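Now for the letters of each chain:
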Amino acid sequence: DTAVSQTPKYLVTQMGNDKSIKCEQNLGHDTMYWYKQDSKKFLKIMFSYNNKELIINETVPNRFSPKSPDKAHLNLHINSLELGDSAVYFCASSQTGGDGYTFGSGTRLTVV
Amino acid sequence: GENVEQHPSTLSVQEGDSAVIKCTYSDSASNYFPWYKQELGKRPQLIIDIRSNVGEKKDQRIAVTLNKTAKHFSLHITETQPEDSAVYFCAASESQKLVFGTGTRLLVSP
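Residue numbers (my numbering), protein chains in the order written: chain V, 1481 to 1592; chain C, 2 to 111.
One chain only, chain V, in its complex shape (with noise of 0.2 Å):
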């Protein structure tokens, strides 16, 4: 039983194209977030959301939009994809404060 699960687990697409990534987390947490992990590992969080709620946006392009339609969803939604987004993309769910941050399988998304 998958506490964080992202979809999909690979995802190749051409240069400008849109394309979506989904997470659904079942540990009741309040707070989800996005991570980007690019080629030398650095794991650097995009959004997060609490309770539906967006709390923490770190100046990411607005090419990137992310949607929760409830506490147990995050969505992520790409515009105009460029080579630079290719990269490892991991949801993680917490409580409130940090707490059992659990991360989801991750999503390669590779912009040719």
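If you're looking for bench data, these hints aren't it; they were derived computationally from the structure.
All figures in this text were calculated on a predicted structure; none of them were measured in a lab.
Where is the CB? At the ideal position from N, CA and C, for every residue including glycine.
Among these hints, one or two may not hold up.
Said to hold, decoys possible - Estimated spans, in silico, between C-beta atoms of each pair:
no.	chain 1	residue 1	chain 2	residue 2	range
1	C	T79	V	A1552	21 to 29 Å
2	C	P9	V	S1500	32 to 40 Å
3	V	S1500	C	S19	44 to 52 Å
4	C	S53	V	F1522	41 to 49 Å
5	C	G17	V	P1488	39 to 47 Å
6	C	E40	V	S1500	22 to 30 Å
Unchecked claim - Calculated Cβ distances over 12 Å to all of chain V for the following chain C residues:
no.	residue
7	V14
8	E16
9	P35
10	L47
11	R52
12	H73
13	H77
14	E80
Chain V is fixed; fit chain C onto it per the hints.
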């Protein structure tokens, strides 16, 4: 905002040796310090954590120490095994999120 530095970036040890990874943080308000292990192609997974009211915590072969005054914390792995090979991340809490260090690639040779 919080800044977390992690050293070394790579660490090679022989099986059975100990490994130590060190992190420093900048925000004295941080009070939660987890460590994550990420195997190749997998998600980061929590292996141990420590809170600011505790100086040391141990779980079998792994231990974490925290020095709040100096704002640094360390991960200690004893009797390393090849399956300990992975990238390890430290993190510090800040305003409802975790800020991660840059990672340490640990290689344990048989």
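Right, here's what the structure says about each hint:
no., hint, result
1, C/T79 x V/A1552: 21 to 29 Å, "violated, 39 Å"
2, C/P9 x V/S1500: 32 to 40 Å, "holds, 38 Å"
3, V/S1500 x C/S19: 44 to 52 Å, "holds, 45 Å"
4, C/S53 x V/F1522: 41 to 49 Å, "violated, 25 Å"
5, C/G17 x V/P1488: 39 to 47 Å, "holds, 41 Å"
6, C/E40 x V/S1500: 22 to 30 Å, "holds, 27 Å"
7, V14, "holds, 19 Å"
8, E16, "holds, 24 Å"
9, P35, "violated, 7 Å"
10, L47, "violated, 7 Å"
11, R52, "violated, 10 Å"
12, H73, "holds, 19 Å"
13, H77, "holds, 21 Å"
14, E80, "holds, 26 Å"
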